[in-house]
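Going down the list, the sequences are from chains F and Y.
Every letter in the first sequence is one number past the one before it in our numbering, and letter 266, counting from 1, is 266.
In our numbering, each number is its position in the second sequence, counted from 1, plus 332.
Keep in mind the hints are simulated off the structure, nothing from the lab.
Note that this is a predicted model, so its numbers are computed, not measured.
Be aware that one or more of the hints could be misleading.
Stated by the list, open to error - A short, non-exhaustive set of chain F residues, derived as facing chain Y with CB atoms under 10 Å:
1) 109
2) 154
3) 163
4) 165
5) 196
6) 201
7) 203
8) 222
9) 223
10) 248
11) 249
12) 253
13) 262
14) 263
15) 280
Where is the CB? At the ideal position from N, CA and C, for every residue including glycine.
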Amino acid sequence: MQDETILEITDLNICFEMREGTVNAVNGVNFSVKPGEVLGIVGESGSGKSLSARSIMNLLPRNATVTNGSVKFRKSDGEVVDILAEKRESRKMRELRGGHVGMIFQEPMTALSPVHSIGKQIMTTLSLHTDLSKKAQVERAADLLAMVQMPKPMEMLKKYPHQLSGGMRQRAMIAMALSCNPSLLLADEPTTALDVTTEAQILDLIMSLQDELNMAVIFITHNFGVVAEIADRVSVMYLGNAVETAAVDDIFYNPKHPYTRALLQSIPRLDGQKRRRLQTIEGMVPDPFNLPTGCVFHTRCAEKMAGKCTSQIPELTYFENDQMARCHLHQA
Amino acid sequence: MTNIHVPDDALISVEKLQMHFPIKKGFLGREQGAVKAVDDVSFYIRKGETLGIVGESGSGKSTTARALLRAYEPTGGKIRFKDPDGVWHDLTHKSEAEMRKLRQHMQMIFQDPYASLNPRMTLLQLVSEPLVNIGVTNKSELEDRVADLLSKVGLRPENMSRYPHAFSGGQRQRIGIARALALNPTFIAADESVSALDVSIAAQTINLLQDLQEQMGLTYLFITHDLSMVEHISDRIGVMYAGRLVEVADTASFFEQPLHPYSEALLAAIPIPDPKRARAKKRGLVKGEVADPANLPVGCAFASRCPHASELCHMSNPELTETAGGRFVRCHHSADLKLQGANYDQ
């Protein structure tokens with residue numbers, strides 16, 4: 001593991017054994033995160049973005065098998081934890097979750113407990129990971145709510161999730177995730193269920209907290225607009241593969257993988273130029289039980305090379321500025 | 333509003349549409365007020381154009397569309413629809429039997445392609461159901477029509493004996509479109525019809541809708557919360573906030589310079605898929621949250637979040653008024669404001 005990285009995922013493969021056959025949900029994903037860096041992961045549904053994130057928490061579904069690869073996390077004291085080698089319920093994992101890695105989810109109503117007040121839920125996290133007194137816990141919880149800009153934090157502590165609006169619930173969840181000063185925050189589509197004006201507020205909040213606390217963030221989304229606003233680096237996923245990873249500007253202005261290019265052309269740009277038609281990507285995402293041979297994107301790729309792309313799995317090609325893409329076009 | 337001038341080429345005109353849902357409480361179920369889901373909404377749609385309606389959740393977009401097709405019984409206002417023979421019908425006073433005839437001309441496409449198709453019906457049954465409803469019973473005629481419709485929306489007619497579960501989200505949305513087209517409608521209300529789809533599939537569906545519009549001269553009411561999508565597909569845009577229409581304008585001038593402060597706030601909040609423009613954007617974000625339609629303030633519903641609000645705004649609710657260029661706005665101060673549009677140049 002490189003010295004300056006906080007998280008490193010190497011060659012991760014996850015599959016599900018099902019009655020209908022094996023689903024290879026994640027096939028060789030590689031990425032790393034530096035302290036204080038925001039990594040955006042984009043992809044369509046079923047591309048394996050959430051699964052990759054859940055592997056960092058060692059919280060994969062029980063029927064999932066990791067067939068290859070490793071996930072390594074560097075704690076703030078320098079110790080490196082090999083997450084997938086740990087047992088799901090081990091002391092080390094429990095210390096990591098909530099303590100060193102915070103997580104926020106798409107739907108706060110299902111992620112928060114409906115029968116405990118917001119204050120109680122934050123204090124539970126605090127009592128598990130710190131040795132603060134009861135009184136200090138209440139103060140810390142109120143501070144956290146103030147930090148996520150909730151009005152009247154002392155009163156808010158007593159509220160239950162159903163009494164709050166979607167935006168406020170998401171703020172409460174962020175407060176909970178940040179309660180123990182994590183060095184890495186996993187955000188899995190945290191703004192997808194929110195309205196645009198609320199989404200903008202939450203994105204602003206995450207960005208300012210990220211800056212203030214200097215934590216690393218992994219931000220999963222399917223929205224390229226959100227990625228452009230929040231990410232330093234971006235990883236584009238397709239059918240369980242990270243097909244391209246690069247700095248945000250390189251992804252948008254100098255994409256190397258045909259899938260990245262095609263995706264960027266198929267979103268309306270809001271640039272005042274009337275286009276008659278949106279560019280589309282031919283066909284559909286293939287059935288995960290029957291992944292295409294060779295490059296997984298070749299069935300829909302406009303630049304596929306017969307013979308090569310249909311039979312050989314492309315290796316990662318590295319470019320300047322840490323850009324990497326998995327495509328035969330760039331291989332000599 | 334006094335009266336909007338409805339142009340001659342209009343297909344639908346809506347005047348002061350009101351849809352209130354009573355809130356009942358207690359043992360006797362007494363009415364304790366109402367959720368004003370749609371309140372005083374007036375607009376028209378020209379034949380062959382696409383009117384996009386944007387707004388946040390709970391702003392009354394879907395309710396407006398549903399009331400328009402009389403899926404809800406509006407509590408007030410007037411909806412008029414011009415049938416293909418050029419005769420105007422007042423939909424608010426039609427009986428169910430009369431509506432049934434008129435619904436041939438007006439159809440709806442729904443948001444969730446998983447929930448809007450009966451899982452126990454085959455494609456043939458699903459798509460032919462509207463035809464059977466108007467009395468077509470000849471089996472081979474039905475099959476021919478369905479095959480024709482399926483190929484029109486880009487599905488293979490051979491699949492007509494299969495069930496919806498065999499199809500992906502994008503394909504199911506096409507089945508919904510085929511169903512809506514079965515009776516050759518002139519008007520289609522599309523309620524968030526691409527919101528549940530992935531980027532590349534959404535683009536395919538939007539292109540299909542535009543092609544069909546060109547081929548069949550369809551008129552669309554396109555409801556969405558995605559402003560970039562609305563910019564792409566709409567000729568004109570209506571913005572709703574807390575059950576009221578706050579602005580109607582043609583797409584280009586709306587994005588260049590909105591007239592209502594809420595429209596400005598919406599435009600400032602859209603995430604732009606372009607990192608350089610995203611960084612350059614100055615963020616004037618609105619504070620607070622959407623007003624509760626069950627408990628609307630006396631004045632303008634947006635006043636508590638509006639940076640330009642004056643005392644007048646908290647006291648009285650502005651009317652939707654026509655301004656230059658056929659635009660409509662509901663704001664006391666719109667004439668004095670110079671609002672920021674979507675910043676195109678970077």
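The hints, checked one at a time:
| no. | hint | result |
| --- | --- | --- |
| 1 | 109 | 14 Å, violated |
| 2 | 154 | 20 Å, violated |
| 3 | 163 | 13 Å, violated |
| 4 | 165 | 6 Å, holds |
| 5 | 196 | 5 Å, holds |
| 6 | 201 | 6 Å, holds |
| 7 | 203 | 7 Å, holds |
| 8 | 222 | 7 Å, holds |
| 9 | 223 | 6 Å, holds |
| 10 | 248 | 5 Å, holds |
| 11 | 249 | 5 Å, holds |
| 12 | 253 | 8 Å, holds |
| 13 | 262 | 7 Å, holds |
| 14 | 263 | 6 Å, holds |
| 15 | 280 | 5 Å, holds |
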